[in-house]
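Visitor: Residues per chain, in single letters:
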Amino acid sequence: MTALWNVTAIFQKEWRHYFGSPIAWVALFVWTLLFGIFFSFGVTFFLEMSMRASQQAMQYGGPTRLSMNEMLIQPILQNMAVVALFIAPMLTMRLFAEEKRQGTIELLATSPLSDLQVVMGKFLAAAALYFLMLLAGLVNVVLIWTYADTTPEWQPVASGALGLFLLGCCFLAMGTFVSTLTRNQIVAGILSFCLFLGMWTLGWADSPTAGSGMKVVAYLGVTTHLEDLAKGVVDLKDIVFYLSVITFGLFLAHQSVESQRWRA
Amino acid sequence: MIEVDSLTKRYGRATAVDGVSFRVEKGEILGFLGPNGAGKTTTMRILTCYLPPTQGTARVGGYDVFEQPMEVRRRVGYLPETPPLYPDMEVHDYLDFCAKIKGVAAREREAKVGAAIDKCRVGDVRTTLIGKLSKGYRQRVGVAQAILHNPDVLILDEPTAGLDPKQIIETRELIRGLGGDHTVILSTHILPEVQLTCGRVLIINEGRVVAEDSPENLTRRLKGAGTLRIEVRGEENAVLATVRAVPGILAAHVRGGHDEALVIDVEAEAGRDVRSDLAGAVVTGGHGLLGLQQMGMSLEEIFLHLTTTDETEAAGAAEAKEA
Ligand SMILES: Nc1ncnc2c1ncn2[C@@H]1O[C@H](COP(=O)(O)OP(=O)(O)O)[C@@H](O)[C@H]1O
Ligand SMILES: [Mg+2]
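So the sequence lines, in the order shown, correspond to chains Z and P.
To convert, note that position 214 of the first sequence is 214 in this note's numbering; the numbers rise steadily by one, no gaps.
To convert, note that position 173 of the second sequence is 173 in this note's numbering; the numbers rise steadily by one, no gaps.
It is possible that part of the hints are untrue.
As a list, the in silico DSSO-like pairs of lysine-lysine whose alpha-carbon atoms are at most 30 Å apart [to be verified]:
| id | chain 1 | residue 1 | chain 2 | residue 2 |
| --- | --- | --- | --- | --- |
| 1 | P | K112 | Z | K100 |
| 2 | P | K135 | P | K100 |
| 3 | P | K135 | Z | K100 |
| 4 | P | K119 | Z | K100 |
By construction, these hints were calculated from the structure, which means they are not laboratory data.
Quick caveat: nothing in here was measured; it's all calculated off a predicted structure.
Hey, can you work out the whole structure from these sequences and the hints?
Guide: Structure below.
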């Protein structure tokens, strides 16, 4: 019970810091702006394609309707994953680096709450802000249901959004860990970005001709698991993969905070 | 309340604290006195469970800092060398946050925050951003954070460092007021600091305790060994002869002079107050005594004195054994 209160106290502090500084506003603004741009370009493109498709269907026969999920929503989710790659370091870089620089880590480390509670409070605050960003972006998609006469299937949208959320949380957990390594938040930001890029590019190892070793490498890439989810295929394997990466990142962060007492 | 037993802390190969032992009773104010790098901060960090000791044990309120750190943390209020403040928070919000993480019950929180604000007199800045506060206010907010949860033990690392004289006096009064209810350990590298606030002093140098006593006894032990500076009108050699003839005087040197007055530094035997004898001798010798001043010992001199005395004593003991 006290554990929950402690996590909440840290969570609230971080949450207020996000919104008391430009970080949260910039992140929300950039995210919703880019979401909106991708969405409106996507819609224009989709309309053009569907018009052509229906003309073709009239002349030569064939399907009159294109899949909105495949042609519109899936690409947007994938583009937003790239945006998450850039925004996640902004959300996590100062989490521990700033506490170390200010000396406030000494307050946290000598108060009756555990290092794990501090790590969880901070991670959850970053994840909650990211969740809020995601919701703000999805407003665009909800508009389709309100105004369009052909609507997308909702399951792929939901599972794709879940995938995007989990993918972002992997970055946030790893970023929390990187932030414990230095007292300079800029260094933490750059290191995190490089790490996220690495996690991302692992997925490029996959190709039809790839050997089994490369398949394993590709399996560890964070985007590999987004593809199925964006198609509406909810495979427990993918969810477990994301949850494992998140747990691993938080585990590393906790270990790092603990071990720094010994090395200090 | 606090029991420290042969505590040692090594950073890699460097030993910062070397076999320190001491006890502090309930309600006592103990001063850690030592130059920079003596190991004061390191000792305090171990007592507050920030760092684990390399060897030895420390217990606070009966709980071991290593075995039961959460119990210790609940009972300790700590002001680190740099007050742990968030510049982007308002004073009241900051203290409210501190109360939460220190486990103050929700219904008592507002009262306790209010009490700390009153005690440390930061009421007029309660809605000011900490980043905009002056150094004196920041220090006080730091102390407020430490006393917030009404801890049994208060550990204050150089609470008056960097403050102006007025703020120093205020902080001292604040700390003196905290003794009695709380057991206090404070560190400083300024001698008068401990004389004014502490009931007992522990002098630390290079990670070891070199002396432990009440401030009165320490100053008494040290005073005799100090230097006196006298200002005398008269002929140089005659004055020096008179001064050197006083019993208990070890040496006298002319420091300088002006307008026929000589400034002489006189070194007296340890533990002996020669001031009245000296003044009497100068006057009966027919010289004009213009001034007599007890020169305070600098901290460096104290350490030199304490460490060399100990060594000579040790050497003497060794010789006695051999004989
Ligand atoms: N984190 C650290 N890593 C390595 N050496 C340290 C560290 N902190 C302190 N020291 C060393 O330990 C010694 C004692 O330092 P400290 O406890 O800060 O002394 P004080 O507070 O009395 O000035 C110094 O020589 C200092 O250089
Ligand atoms: Mg220090």
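Visitor: Are the hints correct? Go through all of them and say.
Guide: Okay, the hints, checked on the actual structure:
1. P:K112 to Z:K100: 27 Å, holds
2. P:K135 to P:K100: Status holds; Cα separation ~25 Å.
3. P:K135 to Z:K100: 20 Å, holds
4. P:K119 to Z:K100: 29 Å, holds
Checked against the numbered hints given earlier, the structure satisfies every one of them.
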